[in-house]
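S.K.: As a plain string of letters, each chain reads:
Protein chains: 2
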Amino acid sequence: MKKYILFLALMVLIQPVIAQDYLKLLKNYPTAEESNPIKMGWMQGFPPPKDKIISAADGSFFKFPASRYSVNHMRQFLPTTVVLAAQTNRYNFTVDLDKAIDNITFTVMGTNEKITWRESLDKVYADGVIVLHKGKIVYENYFGGLAPDGTHALMSVSKTFTGTLGALLIAEGVLDENKTAGDYVPELKKSAFGDATLRQILDMTTALQYDEDYNNPKSDIWAYSAAGNPFPKPAGYKGPENYYEYLETVKKAGTHGKVFAYKTINTDAMGWVISRVTGKSIPELISERFWKPLGTHHDGYYQVDGSGIAFAGGGFNVNLRDLAMFGEMVSNKGFFNGKQILPAKVVEQFRAGGNREAFAKAGYTNLKNWSYTDMWWVTDNKDGAITARGVYGQTIYVDPVAKMVIVRFASNPFAPNQANDPYSLPAYKALTSYFLRKK
Amino acid sequence: MKKYILFLALMVLIQPVIAQDYLKLLKNYPTAEESNPIKMGWMQGFPPPKDKIISAADGSFFKFPASRYSVNHMRQFLPTTVVLAAQTNRYNFTVDLDKAIDNITFTVMGTNEKITWRESLDKVYADGVIVLHKGKIVYENYFGGLAPDGTHALMSVSKTFTGTLGALLIAEGVLDENKTAGDYVPELKKSAFGDATLRQILDMTTALQYDEDYNNPKSDIWAYSAAGNPFPKPAGYKGPENYYEYLETVKKAGTHGKVFAYKTINTDAMGWVISRVTGKSIPELISERFWKPLGTHHDGYYQVDGSGIAFAGGGFNVNLRDLAMFGEMVSNKGFFNGKQILPAKVVEQFRAGGNREAFAKAGYTNLKNWSYTDMWWVTDNKDGAITARGVYGQTIYVDPVAKMVIVRFASNPFAPNQANDPYSLPAYKALTSYFLRKK
Numbered sequence: 001m002k003k004y005i006l007f008l009a010l011m012v013l014i015q016p017v018i019a020q021d022y023l024k025l026l027k028n029y030p031t032a033e034e035s036n037p038i039k040m041g042w043m044q045g046f047p048p049p050k051d052k053i054i055s056a057a058d059g060s061f062f063k064f065p066a067s068r069y070s071v072n073h074m075r076q077f078l079p080t081t082v083v084l085a086a087q088t089n090r091y092n093f094t095v096d097l098d099k100a101i102d103n104i105t106f107t108v109m110g111t112n113e114k115i116t117w118r119e120s121l122d123k124v125y126a127d128g129v130i131v132l133h134k135g136k137i138v139y140e141n142y143f144g145g146l147a148p149d150g151t152h153a154l155m156s157v158s159k160t161f162t163g164t165l166g167a168l169l170i171a172e173g174v175l176d177e178n179k180t181a182g183d184y185v186p187e188l189k190k191s192a193f194g195d196a197t198l199r200q201i202l203d204m205t206t207a208l209q210y211d212e213d214y215n216n217p218k219s220d221i222w223a224y225s226a227a228g229n230p231f232p233k234p235a236g237y238k239g240p241e242n243y244y245e246y247l248e249t250v251k252k253a254g255t256h257g258k259v260f261a262y263k264t265i266n267t268d269a270m271g272w273v274i275s276r277v278t279g280k281s282i283p284e285l286i287s288e289r290f291w292k293p294l295g296t297h298h299d300g301y302y303q304v305d306g307s308g309i310a311f312a313g314g315g316f317n318v319n320l321r322d323l324a325m326f327g328e329m330v331s332n333k334g335f336f337n338g339k340q341i342l343p344a345k346v347v348e349q350f351r352a353g354g355n356r357e358a359f360a361k362a363g364y365t366n367l368k369n370w371s372y373t374d375m376w377w378v379t380d381n382k383d384g385a386i387t388a389r390g391v392y393g394q395t396i397y398v399d400p401v402a403k404m405v406i407v408r409f410a411s412n413p414f415a416p417n418q419a420n421d422p423y424s425l426p427a428y429k430a431l432t433s434y435f436l437r438k439k
Numbered sequence: 001m002k003k004y005i006l007f008l009a010l011m012v013l014i015q016p017v018i019a020q021d022y023l024k025l026l027k028n029y030p031t032a033e034e035s036n037p038i039k040m041g042w043m044q045g046f047p048p049p050k051d052k053i054i055s056a057a058d059g060s061f062f063k064f065p066a067s068r069y070s071v072n073h074m075r076q077f078l079p080t081t082v083v084l085a086a087q088t089n090r091y092n093f094t095v096d097l098d099k100a101i102d103n104i105t106f107t108v109m110g111t112n113e114k115i116t117w118r119e120s121l122d123k124v125y126a127d128g129v130i131v132l133h134k135g136k137i138v139y140e141n142y143f144g145g146l147a148p149d150g151t152h153a154l155m156s157v158s159k160t161f162t163g164t165l166g167a168l169l170i171a172e173g174v175l176d177e178n179k180t181a182g183d184y185v186p187e188l189k190k191s192a193f194g195d196a197t198l199r200q201i202l203d204m205t206t207a208l209q210y211d212e213d214y215n216n217p218k219s220d221i222w223a224y225s226a227a228g229n230p231f232p233k234p235a236g237y238k239g240p241e242n243y244y245e246y247l248e249t250v251k252k253a254g255t256h257g258k259v260f261a262y263k264t265i266n267t268d269a270m271g272w273v274i275s276r277v278t279g280k281s282i283p284e285l286i287s288e289r290f291w292k293p294l295g296t297h298h299d300g301y302y303q304v305d306g307s308g309i310a311f312a313g314g315g316f317n318v319n320l321r322d323l324a325m326f327g328e329m330v331s332n333k334g335f336f337n338g339k340q341i342l343p344a345k346v347v348e349q350f351r352a353g354g355n356r357e358a359f360a361k362a363g364y365t366n367l368k369n370w371s372y373t374d375m376w377w378v379t380d381n382k383d384g385a386i387t388a389r390g391v392y393g394q395t396i397y398v399d400p401v402a403k404m405v406i407v408r409f410a411s412n413p414f415a416p417n418q419a420n421d422p423y424s425l426p427a428y429k430a431l432t433s434y435f436l437r438k439k
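Protein sequences, first through last, are from chains A and B. Its first residue numbered 1, the first sequence is counted upward by one per residue in the numbering used here. Its first residue numbered 1, the second sequence is counted upward by one per residue in the numbering used here.
You can trust all of the hints, since none of them are fake.
When chains are identical, the list treats them as one kind, so a pair holds in a single copy or across two.
List of simulated lysine-lysine pairs, DSBU-like, C-alpha gap at most 35 Å:
#1 Lys429 <-> Lys63
#2 Lys63 <-> Lys233
#3 Lys368 <-> Lys63
#4 Lys339 <-> Lys136
#5 Lys251 <-> Lys189
#6 Lys114 <-> Lys99
#7 Lys280 <-> Lys99
#8 Lys52 <-> Lys292
#9 Lys114 <-> Lys361
#10 Lys50 <-> Lys218
#11 Lys252 <-> Lys50
#12 Lys190 <-> Lys50
#13 Lys280 <-> Lys292
#14 Lys99 <-> Lys438
#15 Lys99 <-> Lys368
#16 Lys238 <-> Lys218
#17 Lys190 <-> Lys238
#18 Lys233 <-> Lys52
#19 Lys50 <-> Lys251
Hint data in this document are derived by calculation from the structure and do not stem from the laboratory.
Can you make the complete structure from the sequences, with help from the hints?
M.R.: In structure tokens, the structure reads:
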């Protein structure tokens, strides 16, 4: 069980660490080609060879390089609930591939190394990438274990879905961003979330006594993960039985609203508020408000805990083209597939960003002048580019001025995005420039 | 874990027991209306109340009446793999509802009680029913916890899919029905399956030292279920680690080919042969050969064991309309949605039936003159009606002369079909007569 917990923890980890350190560490790891999960044979064969069988229970399924298989097959290891795709009015992208994109060249951040877009995809262990320009697919590529009709773990990009849902419900007047989580969920009243406003939770400026220090066995993350573990609790376990029970125990440490502090439990607290008020689960709402109106083709799914509660902070798994539909909808001020799916003012709010001063205090050296709002990362880009980030390299990157959307699944050996940012962030800028010149 | 195993065992149980005994026992149980899983609140609420939380690990999810929730949400409790639906050329049924069907009346088997079709659906704890006549939906109704876009456990109707796949591969020359399982899977050579032909396995006339006596804690079914349990094995467990390893241990008891003996392990042995020869999993093949060409709308899924092996004998979960497509394809001699999906001769082989003498020896008092072939139950009906049967009342019933197909999901308090046959079998006959008169 401890190892399963380690996996859960790694799924959501994102920390201010020096990116260039990862570039050095990565040189000791098998390349994307060498760690291709199909070639490595994880869970392949009838039956698979003993040394190729991996499981969630013993944590083996999420050790690199086995993790490169697991990100595409989470449901094979864990209980899940469905996010139904559209049955009618399904959207079909126009595909107009631009072969020049592979050769777009840029300099790896913090180095003098020149690299092409195509080369960078291997460096970040990409599993699938789609680039949209003016709503058309201009680039689409699948690697590793991902098939075009497959699904992939979004990790913390899941947070962006919960945050967008929260922002939508606020815009509709269903929720009030100035009310506290305690106002909506009485069980949270005595916790740190009790007097935190929904705005503070959505922007992660809550002051929580909760650390995600993976080197400390007494870190709060272990207790959280143990609560959400869908497998039988160990004998004598007396802790919280599910995500919600854990959230009730979180204590306050300081004053809300001052400092950005990226903590997964904010998202699950927001998920609880949303479900309590709407009477619907996060997977149901994501289907109803996004997956069906977008015209998606493939059911998505969420991992669930032992009480059937979806892991709003990191448990969503989706198809890549479907994810691209969501990105394009946001890029297009909420309008997609013939419908206004998100009010334009909600998207403008994302692009305006959160409290930059509060963000700066968090010390992300690679993300200067960024901010965080509604569980979107808001870049320093003058076009108001915003991005969703998940560990191991999951990405939605939206530049509405360049009319560019990038969606990417990846399975980097390292969880923190600092491990791929030196390749990813300049790559996004290079593509932005390319499309702005084309325009 | 023991209780989880009990569930697995119950999933596949079907035994010759006197049906009328069940009618008496059922009088002590809550009615379909009283046990409606939505009204009972299983896993409903954020979080669900403690006494409404059920789980696979402790077996609570499959005790009646909680089982009425679980049959619609197996993936929420267990690891699964996808059976991809069609993305193109999706089939849409013509709906032409016949309101007279609800009032079709018949006599409950073994009694003088008259009952209508509609009343009988409550008696069998139906979760969803579709009746097709001449390929159109003439009756469609959902009850309990099943939504039209939901999925439901097929239980042993899963066997019929594996059997149909086997028959198809034999017709294509990929498999030879006269060869043995040992010829294809060397690991099975020393087991009872070693010298059993594929025909004997598909018709379940193998002589296996394997009993499904649920009252005996030393019964083989427990060892089988323990092997396939996807949860961590208990400390000190030294038995087989997955379904296949268990199959290797099965001993022979008698001579193959003489007596019909309905044993789930035949289906998993067939699944192993199919996967070994094709290099594809059962879920992949079901998608490729049936779900995609049929034009289904909803992904199905299989439960898997700890090695990722699909439970070919009982683990398939599907949408009701999608199941109706499969039934109609068989009714229509394999042609559906513009394609010959199964060779007509394969369907003729189903209808011709298996060894009736071997079947009679098994002592099914309600199923006189029936037989079993390619994992289809072949009725005594002169039209060559065939049926797929799963515990708790899962059904496909195909009468090609009446041009009638019935598909039904249910969650009866009792596993054996003997508990619902007194209502079901005369109901099918009554509908057959109705459509034959109409024709």
